[in-house]
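Next come the chains, spelled out residue by residue.
2 protein chains.
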Amino acid sequence: LSHSAALPILAFDVFGTVVDWFSTIRNEAAMLFADYGCGADPAAFALAWRAGYQPAMQRVRSGELGWTRIDDLHRLILDQILIDFNLAQVDESRRRELNLVWHRLDPWPDVVDGLSLLKTRFRVCTLSNGNLSLLSDLARHGGLQWDLILSAETFRAYKPDPASYLGVAQVFDVAPHTVTLVAAHKSDLAAARACGLRTAFIERPLECGPGTAVDISADHSFDWHAKDLIDLARQMAA
Amino acid sequence: LSHSAALPILAFDVFGTVVDWFSTIRNEAAMLFADYGCGADPAAFALAWRAGYQPAMQRVRSGELGWTRIDDLHRLILDQILIDFNLAQVDESRRRELNLVWHRLDPWPDVVDGLSLLKTRFRVCTLSNGNLSLLSDLARHGGLQWDLILSAETFRAYKPDPASYLGVAQVFDVAPHTVTLVAAHKSDLAAARACGLRTAFIERPLECGPGTAVDISADHSFDWHAKDLIDLARQMAA
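Protein chains in written order, with the working numbering: chain A, 1 to 238; chain B, 1 to 238.
No wet-lab data here; the hints were simulated from the structure. Check before you lean on any hint, since a few could be wrong.
Remember, identical chains collapse to one label, so a pair may be satisfied in a single copy or spanning two.
[Stated by the list, open to error] Straight-line alpha carbon distances no greater than 25 Å define the calculated DMTMM-like cross-link-like pairs of lysine to aspartate or glutamate that follow:
no. : residue 1 : residue 2
1   : Lys119    : Asp91
2   : Lys119    : Asp215
3   : Lys119    : Asp106
4   : Lys119    : Asp71
5   : Lys119    : Glu203
All chains, full assembly: derive it from the sequences and hints.
Structure follows, in structure tokens:
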């Protein structure tokens with residue numbers, strides 16, 4: 001008999017934890033700026049797009065917007081920052097193509113090998129605010145072998161809504177402590193811990209590019225602290 | 001740039017179309033019967049379990065039961081057929097383990113290679129009434145490389161509810177005719193066609209075991225008719 005149904009669950013945050021959004025978006029912004037003769041800093045464009053993300057989700061969480069997928073929230077933010085960067089002349093088809101950059105972000109270099117190691121003793125799934133088709137395209141693009149793609153879209157609840165964390169446990173029909181959230185963001189982990197999940201912090205010092213410091217300090221309220229997914233797999237096997 | 005976001009979608013029915021439920025369940029029923037000295041036919045047990053499936057889903061569709069996953073419906077049916085087969089003495093832990101047989105069904109022999117071929121020109125996903133953890137365990141058990149696992153559980157609507165078929169198109173943000181349902185059951189395909197999806201019929205003459213005939217006749221109202229997934233891949237590449 002196969003025993004995969006008995007394996008505990010690792011649920012991964014994706015943007016920043018699994019994939020490097022900054023580099024790909026900065027690179028595509030640089031191509032856009034070259035095409036349109038824009039002299040601004042492409043890194044600032046990437047940071048501005050990402051900075052719009054939490055406020056946009058907050059409009060959904062608060063009820064101001066009905067359920068809206070990240071693809072559509074990314075597009076709302078993009079339309080605004082194109083104005084802010086004096087690029088209002090960018091046409092519809094280019095906007096649509098550019099908005100899909102979030103579907104082709106590269107994984108960090110440790111991710112494919114790290115997931116393979118972790119898969120030998122865990123079922124690995126996503127728990128991302130990214131929508132299902134976005135996560136599916138990222139998996140295909142990066143060769144990420146998830147056992148299951150779960151999203152805020154599955155639960156119609158954006159993290160840190162408890163319905164998202166508890167939803168993972170419910171889908172797998174296990175107690176919350178059987179699920180470990182793996183993330184590079186302490187607020188995400190703290191919300192998961194409050195729901196009874198275990199927590200693993202991953203250091204991603206370059207998440208926001210080389211010019212922006214991020215908090216990778218040790219926090220002993222989390223169950224694991226790892227440099228990357230290969231390090232996490234080694235610690236969990238010890 | 002990666003273009004996976006531009007690939008059309010194949011959505012697969014799973015029980016019978018992708019995996020052979022009959023053989024695995026008959027085999028595990030035979031082990032159960034040996035352990036409990038039951039002289040009944042294990043094939044009849046497999047057929048009885050499967051026969052309870054549509055009526056159980058109908059209790060959900062009609063509103064008699066609230067949303068209930070297939071794992072739980074399978075358990076309700078199992079408890080009844082254990083009585084019918086004079087096996088009421090089977091204990092709780094064995095029932096729980098036996099109910100998970102639906103998580104470890106083997107794929108038909110053409111499936112792994114067929115999916116690999118089809119994946120070069122399509123995004124491949126499930127659209128099954130099986131719940132998400134069940135489909136995830138089947139994928140792991142059989143080495144099925146889905147781009148995305150979608151389930152009635154995703155949409156809280158059992159096929160043939162239109163919300164399930166249209167839900168696939170909505171998840172991928174495409175028109176319904178960009179999605180092809182692949183199934184061994186004509187009623188499933190007819191319901192998908194009524195929602196504007198394309199349809200591919202797969203012959204699975206042994207779905208219900210060697211002793212039970214199933215309808216594999218040509219029906220020209222479907223877009224494709226294939227002997228198996230490798231045949232479908234060849235036809236679609238032609």
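Now the hints, each set against the structure:
1. Neither within a single protomer nor between protomers do Lys119 and Asp91 lie at most 25 Å apart by alpha-carbon distance, with minima of 43 Å and 32 Å respectively.
2. Taking the shortest alpha-carbon separations for Lys119 and Asp215, neither the intra-copy value of 28 Å nor the inter-copy value of 40 Å comes in at or below 25 Å.
3. In this assembly of identical chains, Lys119 and Asp106 lie within 25 Å of each other by CA distance both inside one copy and across copies; the values are 20 Å within and 20 Å between.
4. Proximity of Lys119 to Asp71 under the C-alpha cut-off of 25 Å is restricted to the inter-copy arrangement: shortest distance 24 Å between copies versus 29 Å within a copy.
5. Taking CA atoms no more than 25 Å apart as the test, Lys119 paired with Glu203 passes inside one copy only; the shortest distance there is 20 Å, against 34 Å between copies.
Going down the numbered hints, you'll see the structure goes against 1, 2, while the others check out.
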